Amino acid sequence: MPSSDPVAIALGSNLGDSLATLTWAVAALEPMAEGGVLRCSPWFRSAAVGGPPNQPDYVNGVVLMHSSWSPVTLLRRLQALERQAGRQPGPLWGPRVLDLDLLWFGQRRSATPELLLPHPRWQQRSFVLAPLVALDPRLVAPHAPCSCEELLSNCSPPYPRLLYYGLRQRT
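Residue numbers for the sequence shown, in the numbering used here: 4 to 174.
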């Protein structure tokens with residue numbers, strides 16, 4: 004059996020019933036977690052960053068798990084979940100029913116048109132860092148220069164607001 008790598012996936016939604024969609028997405032991710040172990044952050048609300056103006060706020064969270072799949076295989080499964088949730092093609096950083104971003108996949112790096120690893124902007128996004136800090140303030144992610152808490156302290160306001168402390172850990 005191949006060894007597994009620690010994986011972080013950012014989840015976001017700003018169309019429809021975002022909490023229900025994100026709860027569904029976490030349940031769909033659970034069988035993909037090596038050994039059935041998945042940690043999910045609380046949900047946070049934040050303003051949309053970039054994209055078309057006047058978008059609804061996003062609800063964001065992060066899932067930590069392990070995977071023995073290849074990064075591209077996991078990415079394709081995440082994209083399939085987005086489509087299953089009803090995501091439609093749209094403008095860059097536009098509103099979406101479900102957004103799943105592969106933040107890191109162990110120490111692996113990728114710079115292909117299909118996949119950039121680690122995600123190129125996760126360390127500057129408070130809507131990603133706040134959920135990571137809620138899971139573990141001392142977490143130092145692969146390729147990161149310091150803890151997620153330190154990275155969050157370097158982000159500019161506004162910071163995401165805790166929406167729902169739905170922290171779940173499956174073992």
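It should be emphasised that the hints constitute simulated quantities derived from the structure, not laboratory data.
Among these hints, one or two may not hold up.
Stated by the list, open to error - The calculated label-pair distances, taken between Cβ atoms and stated as ranges, are:
| hint | residue 1 | residue 2 | range |
| --- | --- | --- | --- |
| 1 | PRO161 | SER7 | 20 to 30 angstroms |
| 2 | ARG141 | ASN57 | 32 to 42 angstroms |
| 3 | ARG141 | GLY89 | 28 to 38 angstroms |
| 4 | SER71 | ASP20 | 10 to 20 angstroms |
| 5 | GLN82 | PRO9 | 32 to 42 angstroms |
| 6 | ALA114 | LEU22 | 27 to 37 angstroms |
| 7 | PRO94 | GLY39 | 19 to 29 angstroms |
| 8 | PRO116 | PRO94 | 17 to 27 angstroms |
| 9 | ASN57 | HIS146 | 14 to 24 angstroms |
Computed from a predicted model, the values in this text were never measured in an experiment.
Note that the Cβ used here is the ideal one computed from N, Cα and C, for glycine as well.
Comparing the hints with the structure gives:
{"no.": "1", "hint": "PRO161 <-> SER7: 20 to 30 angstroms", "in the structure": "violated, 36 angstroms"}
{"no.": "2", "hint": "ARG141 <-> ASN57: 32 to 42 angstroms", "in the structure": "holds, 38 angstroms"}
{"no.": "3", "hint": "ARG141 <-> GLY89: 28 to 38 angstroms", "in the structure": "holds, 37 angstroms"}
{"no.": "4", "hint": "SER71 <-> ASP20: 10 to 20 angstroms", "in the structure": "violated, 33 angstroms"}
{"no.": "5", "hint": "GLN82 <-> PRO9: 32 to 42 angstroms", "in the structure": "violated, 21 angstroms"}
{"no.": "6", "hint": "ALA114 <-> LEU22: 27 to 37 angstroms", "in the structure": "holds, 35 angstroms"}
{"no.": "7", "hint": "PRO94 <-> GLY39: 19 to 29 angstroms", "in the structure": "violated, 37 angstroms"}
{"no.": "8", "hint": "PRO116 <-> PRO94: 17 to 27 angstroms", "in the structure": "holds, 19 angstroms"}
{"no.": "9", "hint": "ASN57 <-> HIS146: 14 to 24 angstroms", "in the structure": "violated, 35 angstroms"}
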